[in-house]
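Engineer: Sequence:
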Amino acid sequence: MKTYQYVVAGVAVLILLATRATDSVAQRRPNTRFAPYSAVSLGVGSSHYYGELAGYRQPLRATFIMPRWNVALGYTRQFTPHFAARASFTWARISGDDYTFSKVNPTLFAAQYARNLHFRNDLKEFAVTGIYNFIEDGRNSNARAKFTPYLFGGLALLAHAPEARTPTETNNNNGEYEARKWVKLQPLRTEGQGQPGYDKPYSLVTLAVPVGFGARYRLNDNFDLGAEIGFRITFTDYLDDVGGNYASPEAVQGLGAIMADRRFERDAARVNTDRYTVAQELFAADPSPFQSEIRGANTVLKDGYLLTNFSVRYIIPGRIKCPPIK
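The sequence shown begins at 1 in full-length UniProt numbering and counts up by one.
If you are wondering where the hints come from, they were derived from the structure by calculation, not from laboratory data. Glycine included, each C-beta is placed from N, C-alpha and C at the ideal position. Any given hint could turn out to be false.
Stated by the list, open to error - Label pairs and their computed distance ranges (CB to CB):
id: 1; residue 1: F235; residue 2: A145; range: 32 to 42 angstroms
id: 2; residue 1: E176; residue 2: L73; range: 36 to 46 angstroms
id: 3; residue 1: S203; residue 2: G175; range: 51 to 61 angstroms
id: 4; residue 1: P36; residue 2: G197; range: 48 to 58 angstroms
id: 5; residue 1: R93; residue 2: A215; range: 19 to 29 angstroms
id: 6; residue 1: N105; residue 2: Q291; range: 18 to 28 angstroms
id: 7; residue 1: G175; residue 2: Y276; range: 15 to 25 angstroms
id: 8; residue 1: S203; residue 2: A143; range: 20 to 30 angstroms
id: 9; residue 1: Y276; residue 2: Y132; range: 49 to 59 angstroms
What the hints assert, rightly or not - Derived pair list, reagent style BS3-like, types lysine-lysine, alpha-carbon separation capped at 27 angstroms:
id: 10; residue 1: K103; residue 2: K181
id: 11; residue 1: K200; residue 2: K103
id: 12; residue 1: K184; residue 2: K146
id: 13; residue 1: K124; residue 2: K200
id: 14; residue 1: K124; residue 2: K302
id: 15; residue 1: K184; residue 2: K103
id: 16; residue 1: K124; residue 2: K184
id: 17; residue 1: K302; residue 2: K103
id: 18; residue 1: K302; residue 2: K184
id: 19; residue 1: K184; residue 2: K200
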């Protein structure tokens, strides 16, 4: 929590200093003062997950194997010809699946094929970012550049809740669940969270650091078209509900135990495709992936996600200033 507080405090100080610097410049050059303006935007794009089920070591495959969607609303205040700040809300879905990632080469990705986990997660992200325009605007919104590439970075508050599908009816011997239903994973404590000797349950609210670049094209005085791509560095390893080791049978029971360990299910857990023959061959060649205590990667890298966004931006008209009567 102290780390989060330091990050938040640092961003607040930077915003304050930038604002004071802007005011100072404006006071020194009253005759050429830039007229700040505001804009609102609406955009849609794709989302891409990176974590235990789509590893950083296979970046291209992780990026394109299971893209999903995002929708974003934003408010931007242009303070100077180069610098702006933006507040935005993004709803993004990310998803991962061991079977989908590994089926192209089960031998190479044997650990994932055996693990047979999957998830989906609807992320609600509220972000405050600073924007640096490489091409400066004119004195007001009507004089802004025709084409503006930019960089951005900031801080985001992220709410999430990973889900997965229950097994097929053939695996439901005791009637413990409704087959093929999406269920939330965090309350099931799939890695024994909250039990003696295990970590506390992971939070469904965390921080993220968005960084990226984009470009805007001016259509007319009131509208821009925009495109950007940005990566989110998060502070959690549980966007996918996978981070540590398999818990003991005493620590996880009922539906939690079923959703935690799906190595011996005949079907691919998410898509319900028969994988029995290939799994048998992998087990005969090397049974260790089916017997390992390791469930997640347990690495320094946390889960992350990439967002692309294509937007329409509306410039809010400023107040009309009449010249003084002499």
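Engineer: Take the C-beta atom of Y276 and the C-beta atom of Y132, compute their distance, and say whether it sits inside 49 to 59 angstroms.
Structural biologist: Since the Cβ atoms of Y276 and Y132 sit about 55 angstroms apart, the hinted range of 49 to 59 angstroms holds.
Engineer: Could you grab the alpha-carbon distance between K103 and K181 and see if it respects the 27 angstroms cut-off?
Structural biologist: Holds - the C-alpha atoms of K181 and K103 are around 23 angstroms apart, at most 27 angstroms.
Engineer: Within 48 to 58 angstroms or not, the Cβ separation of P36 and G197?
Structural biologist: For P36 and G197 the Cβ distance comes to about 56 angstroms; the hint holds.
Engineer: The hint says 15 to 25 angstroms between G175 and Y276; measuring C-beta to C-beta, is that right?
Structural biologist: Cβ of G175 to Cβ of Y276: about 23 angstroms, so the range 15 to 25 angstroms holds.
Engineer: F235 and A145, beta-carbon distance inside 32 to 42 angstroms?
Structural biologist: Once the Cβ atoms are compared, 36 angstroms apart, the range 32 to 42 angstroms for A145 and F235 holds.
Engineer: For K302 and K184, compute the direct alpha-carbon distance and say whether it is at most 27 angstroms.
Structural biologist: holds (20 angstroms)
Engineer: Given the proposed pairing of K184 with K146, does the C-alpha separation stay at or below 27 angstroms?
Structural biologist: The hint is violated at about 47 angstroms.
Engineer: Range first: 19 to 29 angstroms. Now tell me if the beta carbons of R93 and A215 are that far apart.
Structural biologist: Since the Cβ atoms of R93 and A215 sit about 25 angstroms apart, the hinted range of 19 to 29 angstroms holds.
Engineer: Does the structure keep K200 and K103 at a Cα separation of 27 angstroms or less?
Structural biologist: The hint is violated at about 34 angstroms.
Engineer: Keeping to a limit of 27 angstroms between CA atoms, is the pair of K184 and K103 held or broken?
Structural biologist: holds (25 angstroms)
Engineer: Does K200 sit within 27 angstroms of K124, going by the straight-line distance between their CA atoms?
Structural biologist: Roughly 23 angstroms separates the two Cα atoms, so the pair holds.
Engineer: Given the hint that K302 pairs with K103, test it: the Cα-Cα distance must not exceed 27 angstroms.
Structural biologist: Satisfied, since the Cα-Cα distance of roughly 25 angstroms is no more than 27 angstroms.
Of the numbered hints listed earlier, those contradicted by the structure are 3, 8, 11, 12.
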